[in-house]
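Put chain F on the given structure of chain H with help from the hints.
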Amino acid sequence: MMKPQNEFNFTFYLLIVPVLLWLIFMIVIPHAELLISSFLVENDDGEMVVSFANYIEFFSQKIYWLTFVKTAAYSIGVTLLAFIIAFPIAFYLTKVTTRKNAAFLMVLLLIPLWVGELVTVYGWMVLLGDNGVINHFLMTIGIINEPLNMLYTNFSLVIGLLYMSMLFMVIPVMSTLQSLDDSLIEAACDLGASKWDIFTKIIIPYSMPGITSGAIIVFMLVIGDYLAPNLLGGKNSLWFTEQIYNSFLQTFNWNEGAAFGFLLLLLSSGIIWLALKVSGQKLEKVGT
Amino acid sequence: MIRSLPSSTLYRATYRAYVLLFFAFLLMPLVAISVLAFNDSDFISLPWNGFTLDWFFSATDERYGLFADEELLTSIYTSLSTGFFVAVLSTLVGTLAALLFEEEQFRLKGLLYFLALAPLVIPGVILGISILLTATAAGNHIEESFGLDVELFRPSYWLVILGQFSFAATYVMLLVTARLKKFDRTLEEAALSLKATRLEAIGYVTIPFLRPAIIGAFVVAFILSFSNINTTIFLIGSDPTLPIDLYSRIRFSSTPVLNAVSFMVVLVISVLAITNLFTNRSKP
Numbered sequence: 001m002m003k004p005q006n007e008f009n010f011t012f013y014l015l016i017v018p019v020l021l022w023l024i025f026m027i028v029i030p031h032a033e034l035l036i037s038s039f040l041v042e043n044d045d046g047e048m049v050v051s052f053a054n055y056i057e058f059f060s061q062k063i064y065w066l067t068f069v070k071t072a073a074y075s076i077g078v079t080l081l082a083f084i085i086a087f088p089i090a091f092y093l094t095k096v097t098t099r100k101n102a103a104f105l106m107v108l109l110l111i112p113l114w115v116g117e118l119v120t121v122y123g124w125m126v127l128l129g130d131n132g133v134i135n136h137f138l139m140t141i142g143i144i145n146e147p148l149n150m151l152y153t154n155f156s157l158v159i160g161l162l163y164m165s166m167l168f169m170v171i172p173v174m175s176t177l178q179s180l181d182d183s184l185i186e187a188a189c190d191l192g193a194s195k196w197d198i199f200t201k202i203i204i205p206y207s208m209p210g211i212t213s214g215a216i217i218v219f220m221l222v223i224g225d226y227l228a229p230n231l232l233g234g235k236n237s238l239w240f241t242e243q244i245y246n247s248f249l250q251t252f253n254w255n256e257g258a259a260f261g262f263l264l265l266l267l268s269s270g271i272i273w274l275a276l277k278v279s280g281q282k283l284e285k286v287g288t
Numbered sequence: 289m290i291r292s293l294p295s296s297t298l299y300r301a302t303y304r305a306y307v308l309l310f311f312a313f314l315l316m317p318l319v320a321i322s323v324l325a326f327n328d329s330d331f332i333s334l335p336w337n338g339f340t341l342d343w344f345f346s347a348t349d350e351r352y353g354l355f356a357d358e359e360l361l362t363s364i365y366t367s368l369s370t371g372f373f374v375a376v377l378s379t380l381v382g383t384l385a386a387l388l389f390e391e392e393q394f395r396l397k398g399l400l401y402f403l404a405l406a407p408l409v410i411p412g413v414i415l416g417i418s419i420l421l422t423a424t425a426a427g428n429h430i431e432e433s434f435g436l437d438v439e440l441f442r443p444s445y446w447l448v449i450l451g452q453f454s455f456a457a458t459y460v461m462l463l464v465t466a467r468l469k470k471f472d473r474t475l476e477e478a479a480l481s482l483k484a485t486r487l488e489a490i491g492y493v494t495i496p497f498l499r500p501a502i503i504g505a506f507v508v509a510f511i512l513s514f515s516n517i518n519t520t521i522f523l524i525g526s527d528p529t530l531p532i533d534l535y536s537r538i539r540f541s542s543t544p545v546l547n548a549v550s551f552m553v554v555l556v557i558s559v560l561a562i563t564n565l566f567t568n569r570s571k572p
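Protein chains in written order, with our numbering: chain H, 1 to 288; chain F, 289 to 572.
Chain H extracted, bound-state conformation (with noise of 0.2 Å):
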């Protein structure tokens, strides 16, 4: 087919002007910036000099790091629940019960989804609460005479991480179910297998693509994430997006916070780089 060249290229630009300038203006120069504003520091006579300072205190502080580690670990491991929780939940969905029925309860889950972490949280610290809805049900119903500390734990900040960011594994998960035959699994189950090995050998590697993605933006939304560590965690659960918020914040340390949130992405493009790796799966699934 021919066309007349200058007015394909006139739609051309027309397209990619617009993305090139949301791409470098708000994605390629604030992560150049983030990195070099991490290697200065503010000198005695109030000028900024390259230095690897930044990253040095925390390396030294004992406190960041150890909370470094800890997110980690609590990311991964909160992704890991996510994944127990979640997946009988998408596979009910999508093989067990009738289509009207999961077409009600998307809509349940959609409701959490699109609420907001902010209201979520807000309702769990009513649930959670010394005088909250929990204990004073447990109190009433006599069960227990004091309340129970949950609010302000390590069991509320789980609670809190994986309520968010649960249903992020459901989604990708049920759409990857959807496209299993479910003769695959009759055939299997005509020929005598379990149930269980029919889950792990033939319902769970067919849905390891959507498995992935889930991980992945699971441990993403976990990892970054500030509202359920700051106002459900406790003294003692501190996350490090907190202490890139100080840094920012609080203490008006710039380029220190710039340090710390380069850390951060480091560590979480890291573990996706690997999950990615390990599965073989490409970037660009993910998001679909």
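I should point out that these hints are in silico values taken from the structure, not numbers from a laboratory. Small disclaimer: the values here were computed from a predicted structure and weren't measured. We put the CB at the ideal spot given by N, CA and C, even for glycine. Check each hint, because a few of them may be wrong.
Said to hold, decoys possible - If you only want the chain H side, here are some residues facing chain F, beta carbon under 8 Å, derived: (1) TYR13; (2) ILE16; (3) TRP22; (4) TRP196; (5) LEU227; (6) LEU231; (7) GLY234; (8) LEU238; (9) ILE244; (10) ASN246; (11) ALA258; (12) GLY270; (13) LEU274.
To be verified - As a list, the in silico DSS-like pairs of lysine-lysine whose alpha-carbon atoms are at most 27 Å apart: (14) F:LYS470 to F:LYS397; (15) H:LYS70 to H:LYS195; (16) F:LYS469 to H:LYS282; (17) F:LYS397 to H:LYS282; (18) F:LYS483 to F:LYS469; (19) F:LYS470 to H:LYS100; (20) H:LYS70 to H:LYS201; (21) H:LYS277 to H:LYS70; (22) H:LYS95 to H:LYS195; (23) H:LYS235 to H:LYS282; (24) F:LYS397 to H:LYS277; (25) F:LYS483 to H:LYS277; (26) F:LYS483 to H:LYS95; (27) H:LYS201 to H:LYS95; (28) H:LYS282 to F:LYS470; (29) F:LYS470 to H:LYS95; (30) H:LYS235 to H:LYS100.
For chain F alone, coordinates are given in the frame of chain H:
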């Protein structure tokens, strides 16, 4: 274990109980805040003291309801208008990006596509601080060179919009791309061979086909903006969005008006989710 296969009663009962438990867990916080929004008490806790609408309408000194609270109404308005601009901007750029990556071939396409997907794997906090650093550096530079103080380069309303746009556009692009993959390219080619320009072909053939996805993406971008806090918290100026306002209230001065606001959010979102169910059903 699946619809077509029989399984034992015990297996089915256990599975159902698990699903029930899961949904109870899911809805518990939303139900709790909604119910407590109507509790006639000055504290956000049980016991139940009777039904009241004070936390919505009252305007006395002790009880300051949602619709009497200027500050809260202003932050809701800020969130709505921010969400609108973010949705417009990211729907526009995200749709263009989807068309670009699906229909055009050019050098460095792979690299650009990778960059467009990057916001999926960049924590929101990092986007927030890096945009803050860049805007401040640019603002300082302009002030030193030209003596101008540009609001966009300080934490402000417009900087929040730009910051939220930077990741919302990625989600729009993915939603529109998913629909574009189902598009029959021969339709566009037919338009071209009937002497339409390429721009006309996109405008009259491709865009109408994409319309449902574009509308859906607009709503998603709006919701992303409306509930965002991780990126917004670093870019906010003097006018807080609703989540920022609620966040500072939760930390410093909780009253049941927080429940009233949360209830309204849950209500609006539930209506949206149910509408979504019925519109999806009416289409095959």
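A quick look at each hint next to the structure:
1. Hint status for TYR13 of chain H: violated, given a least beta-carbon distance of 10 Å to chain F, over 8 Å.
2. Annotation: ILE16 of chain H was flagged as interfacial toward chain F, and the flag holds, the nearest CB pair being 6 Å apart, inside 8 Å.
3. Using the Cβ-Cβ criterion of 8 Å, the hint placing TRP22 of chain H at the interface with chain F is satisfied: the shortest such distance is roughly 5 Å.
4. The closest approach between the C-beta of TRP196 of chain H and any C-beta of chain F is roughly 11 Å, which is over the 8 Å cut-off, so the hint fails.
5. The interface hint given for LEU227 of chain H holds, since its Cβ lies 6 Å from the closest Cβ of chain F, which is under the 8 Å cut-off.
6. Here the hint on LEU231 of chain H is kept, as its CB sits about 6 Å from the closest CB of chain F, short of 8 Å.
7. Interface hint status for GLY234 of chain H: violated, as the beta-carbon distance to the closest one in chain F is roughly 14 Å, over 8 Å.
8. Against a cut-off of 8 Å between C-beta atoms, the interface hint on LEU238 of chain H is violated, since the closest Cβ of chain F lies about 14 Å away.
9. Using the Cβ-Cβ criterion of 8 Å, the hint placing ILE244 of chain H at the interface with chain F is satisfied: the shortest such distance is roughly 6 Å.
10. The criterion of a C-beta within 8 Å of any C-beta in chain F is not met by ASN246 of chain H, whose closest approach is roughly 12 Å, and the hint is violated.
11. At its closest, the beta carbon of ALA258 of chain H sits 6 Å from a beta carbon of chain F; the interface hint therefore holds under the 8 Å criterion.
12. For the restraint placing GLY270 of chain H at the interface with chain F, the shortest Cβ-Cβ distance is roughly 11 Å, beyond the 8 Å limit, so the hint is violated.
13. Among the interface hints, the one on LEU274 of chain H is violated; its C-beta lies about 12 Å from the nearest C-beta in chain F, farther than the 8 Å criterion.
14. Of the supplied pair hints, the one linking LYS470 of chain F and LYS397 of chain F holds, its CA atoms being roughly 21 Å apart against a limit of 27 Å.
15. Note on LYS70 of chain H and LYS195 of chain H: the hinted pairing is violated, with a Cα-Cα distance of about 37 Å set against a maximum of 27 Å.
16. For the suggested pair LYS469 of chain F and LYS282 of chain H, the alpha carbons sit about 18 Å apart, so the restraint of at most 27 Å is met.
17. With a C-alpha separation of about 16 Å, the suggested pairing of LYS397 of chain F with LYS282 of chain H holds against the 27 Å cut-off.
18. Among the hinted pairs, LYS483 of chain F with LYS469 of chain F is consistent with the structure: their alpha-carbon atoms are about 24 Å apart, no more than 27 Å.
19. Between the alpha carbons of LYS470 of chain F and LYS100 of chain H the distance comes to roughly 25 Å, so the proposed pair stays at or under 27 Å and holds.
20. Restraint check for LYS70 of chain H and LYS201 of chain H: not satisfied, since their Cα atoms lie roughly 34 Å apart, outside the 27 Å limit.
21. Proposed proximity of LYS277 of chain H and LYS70 of chain H is supported: the alpha carbons are some 24 Å apart, at most 27 Å.
22. A hinted pair counts as satisfied when its Cα atoms are at most 27 Å apart, and LYS95 of chain H with LYS195 of chain H qualifies at roughly 14 Å.
23. Among the hinted pairs, LYS235 of chain H with LYS282 of chain H is inconsistent with the structure: their alpha-carbon atoms are about 38 Å apart, more than 27 Å.
24. Of the pairs offered as hints, the one joining LYS397 of chain F and LYS277 of chain H holds, with about 22 Å between alpha carbons and a cut-off of 27 Å not exceeded.
25. Between the alpha carbons of LYS483 of chain F and LYS277 of chain H the distance comes to roughly 47 Å, so the proposed pair goes past 27 Å and is violated.
26. Note on LYS483 of chain F and LYS95 of chain H: the hinted pairing is violated, with a Cα-Cα distance of about 49 Å set against a maximum of 27 Å.
27. This hinted pair checks out: LYS201 of chain H and LYS95 of chain H have alpha carbons roughly 17 Å apart, not beyond 27 Å.
28. For the suggested pair LYS282 of chain H and LYS470 of chain F, the alpha carbons sit about 21 Å apart, so the restraint of at most 27 Å is met.
29. With a C-alpha separation of about 25 Å, the suggested pair LYS470 of chain F and LYS95 of chain H falls inside the 27 Å cut-off, and the hint holds.
30. For a cut-off of 27 Å, the pair hint linking LYS235 of chain H to LYS100 of chain H is broken: about 46 Å separates their Cα positions.
Hint compliance for this structure: hints 1, 4, 7, 8, 10, 12, 13, 15, 20, 23, 25, 26, 30 are broken, all remaining hints hold.
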